[in-house]
Amino acid sequence: MSVLIRGGRLLDPANGVDRIDDLLVADGKIVAIGAGLQGDQVVEAGGKVVAPGFIDIHVHLRVPGQEYKEDIRTGTAAAVRGGFTGVVCMPNTKPVIDNVPVVSYVVNLAARDGLCRVWPTGAITKGSKGDELAEIGDMFEAGIVAVTDDGRPVDDSERMRQAMIYAKQFDLLVMDHCEDKALSAGGAMHYGKVSSELGLKGIASASEEVHVARDILLSLETGARVHIQHISSRRSVELLRWGKAMGAKVSAEATPHHFTLTDQIVADMNYSTNTKMNPPLREEADREAIIAAMVDGTIDIIATDHAPHHIDEKDVEYQQALFGITGLETSVGLTLDRLVRPGILSLEQMILMMSTRPAKLVNVKPPALVEGAEADITILDLEKSWTVQVDEMESRSKNSPFIGWTLTGAPHATVVGGKLRMLEMKVVAE
Amino acid sequence: MAGLKRKDILGLKDLSVDELDLILNTADTLKDIATRPIKKVPTLRGKSLVTLFYENSTRTAKSFELAGKYLSADVINVSVSSSSVQKGETLKDTARNLEAMGVDAVVMRHSMGGAPQILSRYLKASVINAGDGMHEHPSQGLLDMLTIRQKKGSFKGLKVAIIGDSYHSRVARSNIYGLTKYGAEVWLAGPATMLPQGYEEYGVKVTTKVDEALEGADVVNVLRLQLERQERGLFPSIAEYHRLWGVNERRLKLAKPDALLMHPGPMNRGVELSTAIADGNQSVILEQVTNGVAVRMALLYLLLGGGESA
Amino acid sequence: MIEPKALLMDAAQMNRALSRIAHEIIERNKGIESVALVGIRRRGVPLAQRLAERLQEFEGRTVPVGILDITLYRDDLTELSSVPLIHKSEVNFKLPGTVVVLVDDVLYTGRTVRAALDALLDIGRPSVIQLAVLIDRGHRELPIRADYVGKNVPTSKREVVEVHLTEVDGDEFVALYDLP
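Residue numbers (my numbering), protein chains in the order written: chain A, 1 to 430; chain B, 431 to 740; chain C, 741 to 920.
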């Protein structure tokens, strides 16, 4: 069955595509791009933007072992609803993804249940304990696309250095959750005026910056590729600029919550634990620095750090609540509403940050709007006004601070491997 | 008709000057009940009050208990060691259980900031915060203010020096919010590792030099040094703390001759303040305790005295 | 200004009634040696003070005057939508051995006096308690009666009796109104 995407503005900056045309998909591939094409199933895209499929390289699918929070089915449903054709999942599961059987389990489950593509990552160290190296080479053969101990930093710098050298053999990206645990110990939110007023222990910016600096220096030392996850502070951004200027192979991601919210929201939402994540929301100056870095390319991509948690884990005292919020279903809306519409970020930049570059970082063939390419396509509706509603969310967990927000700009349709998986923010039944 | 148009007292930050006046005036009026022969009025007869203490405290818990009993309410006390909380019951479930038992008010002390907010969301009953972590301790702030008002008449322009670990102090925070609303000049003095951020915006002066804070002060409020902080690297030794920041006779003389000496208790004699001044004639520490019962009675009366629609 | 339905007492009538009550207190208690007056807030207080002045004039003796705030003892607090302001009671004389004459402006259901009795008894134990009111308007809901009455006025429950005293209201009269 062929799918015709009709009349949309095709936009794929990496391949120099920017024109209004029809696009025909069949047998999982883009078979034709042109005017007046015919197809079995038609998706009207007039007035909409047709982009190469979006990929989120920082998602917690919670498989194996934590399916009460999210599983492959619900997580990928959330992803396609959010406009994503692929996600890269994190290994901090139960057990940790640090060996071949677990990698294979995830790969097979994803093939069976996934509504979009799922690429697993493997842990850097066994059990992510920060000690012995995990079987990175074997896991690479089994299908991981990057390594990370995400959830935790790698405390020991020598271990990190060796891991980077080892991972480099397979050209595997080393993703790091930058946090000096001694500096952040016991903290529940950003260390600043708001934490002082609310009587909550704070996590100083320096706890992230110390490791950002370390990782950049190690990357210079080893020539390995390192990726700074969820960057949150303005000084981290400055360090990143310096690192890139020095020629380090360092990349970085920013999350939508870090470019839309600040620590003030913890007070404004009266201690709601949907404002609690690690690294925490920081000050307005940090938020502005992140946006500036996204615009000038210092920050390479947008990734959500989608972290579903069960209500019993969140509906407790702020200090006790687990860190993390969901993000797959709001990322595109927030980016369009807060950055693209006000003219801060161009659509082209958005597409590079959400599709082309994330794919390249994990050595996945970037989706493209060219004949013969895999049909992984994201269609955006820049004018659609919608409100984030809990009961429309596909994710099994609803820990999001954006519930109730009204946004202009939404994902309109998601095509994965030629199949229409989402239309008008509803997952398409099979 | 008076009455607070709110269900809970979670902190002083959000109370208006009118509300603070109402509470202080009511406390002043109720104060006599605790000193006359028949220490009872029937006002809250038939109302039930639970004190829910996740952190140990004898004095605040007892103060609330007496306040409730003087007003003829039924009072029961739940402390962490003797309740199902130990078995891992969540705060939310504890709240719901209390509600199902028909409790009218819960007075809670907890070690984490923001905990009373959770309780207040799940309870139709009134919630009074008896101290949540480092965040607020409204009844302490109020009794401190009542004591100052009784002795000094008003707050405007008074120099109030709060000495000690104000970073970790909910007493300091509540005092700051309450006093600054009335135009008092608040100073915080203590070791640099124990001073909070961001209060300059409230007009509060922050210094590591305790003599500077004490100079010409009308009120000296000395905070308890929590000795566990020593292990955490915030200060090196009690001896050094006492030498550099302890309030003794020489230091107290820097304040006005009629300055009040206050302390939320319990005192570490010889650490944050010397015995001589703790027992001296400027000390109003015991009046604070008396005022504590009065303030707590006032809060209970104002929250529970009326009907369901209150 | 709503017009009253009837003027029950003017200033002169009120004065004469208070003088008469003062004489009755003296007569009933065979002198005022052990007598004290306690005014029930709000308007009972100036009335008690005026009675004290008259007793002073007639017997040449100062009678102690106390103030009683009965808010904390009301039986209808739960029916109010917000709690009333409370004020201090001031009874600065010994109660044992004392004849306390409670003074109020209007006696109606009797509940205020009931609350006043409880409030007074929580302060101490007078040997005798008597009640003086300017107006008794009937419709008792409790077994309470006044010992001294300025004027008996039959009323219906749809009417309101208002006492104006110079000290509180700036003018002086007792009037009857229909309930709005």
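Treat the hints as calculated values from the structure; they're not laboratory data.
Please note: incorrect hints may appear among the correct ones.
To list a few chain C residues with every Cβ distance to chain B over 12 Å, as calculated [said to hold, decoys possible]:
hint, residue
1, Asp-750
2, Gln-796
3, Ile-826
4, His-879
5, Glu-907
Listed next, the in silico DSS-like pairs over lysine-lysine satisfying Cα-Cα at most 25 Å (straight line) [stated by the list, open to error]:
hint, chain 1, residue 1, chain 2, residue 2
6, B, Lys-435, B, Lys-469
7, C, Lys-828, B, Lys-461
8, B, Lys-469, C, Lys-745
9, B, Lys-499, C, Lys-745
10, C, Lys-828, B, Lys-470
11, A, Lys-181, A, Lys-94
12, C, Lys-834, B, Lys-581
13, C, Lys-834, B, Lys-470
14, B, Lys-611, B, Lys-554
15, B, Lys-470, B, Lys-589
16, A, Lys-193, B, Lys-611
17, B, Lys-469, C, Lys-770
18, C, Lys-745, C, Lys-897
19, B, Lys-522, B, Lys-461
20, B, Lys-435, C, Lys-745
21, A, Lys-29, A, Lys-419
22, B, Lys-581, B, Lys-635
23, C, Lys-891, B, Lys-461
24, B, Lys-522, B, Lys-470
25, B, Lys-522, A, Lys-398
26, A, Lys-168, A, Lys-129
27, A, Lys-365, A, Lys-249
28, A, Lys-193, B, Lys-461
29, A, Lys-193, B, Lys-639
30, B, Lys-443, A, Lys-193
31, B, Lys-589, B, Lys-635
32, A, Lys-193, B, Lys-554
33, B, Lys-686, B, Lys-589
34, C, Lys-897, B, Lys-582
35, C, Lys-745, C, Lys-891
36, B, Lys-522, A, Lys-201
37, A, Lys-398, A, Lys-94
38, A, Lys-48, A, Lys-29
39, B, Lys-635, A, Lys-201
40, A, Lys-426, A, Lys-48
Computed from a prediction, not measured in an experiment: that's the story for all the values here.
Glycine included, every Cβ here is placed at the ideal spot set by N, Cα and C.
Verification of the hints:
1. No beta-carbon of chain B comes within 12 Å of the beta-carbon of Asp-750/C; the shortest separation is about 32 Å.
2. Separation of Gln-796/C from chain B is adequate, the least Cβ-Cβ distance of about 28 Å exceeding the 12 Å criterion.
3. Chain B draws Ile-826/C into its interface by the beta-carbon criterion, the shortest separation being 5 Å against a cut-off of 12 Å.
4. At roughly 24 Å from the closest C-beta of chain B, the C-beta of His-879/C stays outside 12 Å, upholding its exclusion from the interface.
5. With a least CB separation of 21 Å from chain B, Glu-907/C remains clear of the 12 Å interface cut-off, as annotated.
6. A threshold of 25 Å between alpha carbons decides the hint, and for Lys-435/B with Lys-469/B the separation of about 28 Å lies outside it, so the pair is violated.
7. About 9 Å separates the Cα atoms of Lys-828/C and Lys-461/B, which keeps this hinted pair within 25 Å; it holds.
8. Of the supplied pair hints, the one linking Lys-469/B and Lys-745/C is violated, its CA atoms being roughly 46 Å apart against a limit of 25 Å.
9. For the hint pairing Lys-499/B with Lys-745/C, the CA-to-CA distance comes to about 47 Å; that exceeds 25 Å, so the pair is violated.
10. Taking the CA atoms of Lys-828/C and Lys-470/B, the gap is about 15 Å. The hint holds against a cut of 25 Å.
11. Pair hint Lys-181/A plus Lys-94/A holds up; C-alpha atoms about 22 Å apart against a cutoff of 25 Å.
12. With a CA separation close to 28 Å, the supplied pair Lys-834/C and Lys-581/B exceeds the 25 Å bound.
13. Distance hint between Lys-834/C and Lys-470/B is fulfilled; the C-alpha atoms sit about 19 Å from each other, no more than 25 Å.
14. A hinted pair counts as satisfied when its Cα atoms are at most 25 Å apart, and Lys-611/B with Lys-554/B does not qualify at roughly 29 Å.
15. For a cut-off of 25 Å, the pair hint linking Lys-470/B to Lys-589/B is broken: about 37 Å separates their Cα positions.
16. Simply put, Lys-193/A and Lys-611/B have alpha-carbon atoms about 19 Å apart, close enough for the 25 Å limit, and the pair holds.
17. Taking the CA atoms of Lys-469/B and Lys-770/C, the gap is near 35 Å; set against the 25 Å cutoff, the hint is violated.
18. Between Lys-745/C and Lys-897/C, the direct Cα distance comes to roughly 14 Å. Compliance with the 25 Å bound is thereby established for this hinted pair.
19. Distance hint between Lys-522/B and Lys-461/B is unfulfilled; the C-alpha atoms sit about 35 Å from each other, more than 25 Å.
20. With a C-alpha separation of about 37 Å, the suggested pair Lys-435/B and Lys-745/C falls outside the 25 Å cut-off, and the hint is violated.
21. Under the criterion of a C-alpha separation no larger than 25 Å, the hint pairing Lys-29/A with Lys-419/A is consistent with the structure, at around 10 Å.
22. Our distance criterion of 25 Å between C-alpha atoms is met by Lys-581/B and Lys-635/B, whose separation comes to about 23 Å.
23. Of the supplied pair hints, the one linking Lys-891/C and Lys-461/B is violated, its CA atoms being roughly 38 Å apart against a limit of 25 Å.
24. Distance hint between Lys-522/B and Lys-470/B is unfulfilled; the C-alpha atoms sit about 34 Å from each other, more than 25 Å.
25. The hinted pair formed by Lys-522/B and Lys-398/A meets the criterion: a straight-line CA distance of about 18 Å does not exceed 25 Å.
26. Between Lys-168/A and Lys-129/A, the direct Cα distance comes to roughly 21 Å. Compliance with the 25 Å bound is thereby established for this hinted pair.
27. For the proposed pair Lys-365/A and Lys-249/A, the alpha carbon gap of about 20 Å is at most 25 Å, so the pair holds.
28. Of the supplied pair hints, the one linking Lys-193/A and Lys-461/B is violated, its CA atoms being roughly 37 Å apart against a limit of 25 Å.
29. Pair hint Lys-193/A plus Lys-639/B holds up; C-alpha atoms about 22 Å apart against a cutoff of 25 Å.
30. This hinted pair checks out: Lys-443/B and Lys-193/A have alpha carbons roughly 15 Å apart, not beyond 25 Å.
31. Between Lys-589/B and Lys-635/B, the direct Cα distance comes to roughly 10 Å. Compliance with the 25 Å bound is thereby established for this hinted pair.
32. In summary, the hint linking Lys-193/A to Lys-554/B is not supported, as the alpha carbons are separated by about 32 Å, beyond the 25 Å threshold.
33. Using a Cα cut-off of 25 Å, the hinted pair Lys-686/B and Lys-589/B holds, with the two alpha carbons roughly 10 Å apart.
34. Restraint check: the Cα-Cα separation between Lys-897/C and Lys-582/B comes to about 49 Å, which exceeds 25 Å; the hinted pair is violated.
35. Proposed proximity of Lys-745/C and Lys-891/C is supported: the alpha carbons are some 17 Å apart, at most 25 Å.
36. For the hint linking Lys-522/B to Lys-201/A, the alpha-carbon distance of about 22 Å falls within 25 Å, and the restraint holds.
37. At roughly 21 Å between alpha-carbon atoms, Lys-398/A and Lys-94/A fall within 25 Å of each other, so this suggested pair holds.
38. Between Lys-48/A and Lys-29/A the CA atoms are separated by roughly 21 Å; this keeps the pair inside 25 Å, and the hint holds.
39. The hinted pair formed by Lys-635/B and Lys-201/A meets the criterion: a straight-line CA distance of about 22 Å does not exceed 25 Å.
40. About 17 Å separates the Cα atoms of Lys-426/A and Lys-48/A, which keeps this hinted pair within 25 Å; it holds.
Of the numbered hints stated above, those contradicted by the structure are hints 3, 6, 8, 9, 12, 14, 15, 17, 19, 20, 23, 24, 28, 32 and 34, listed in ascending order.
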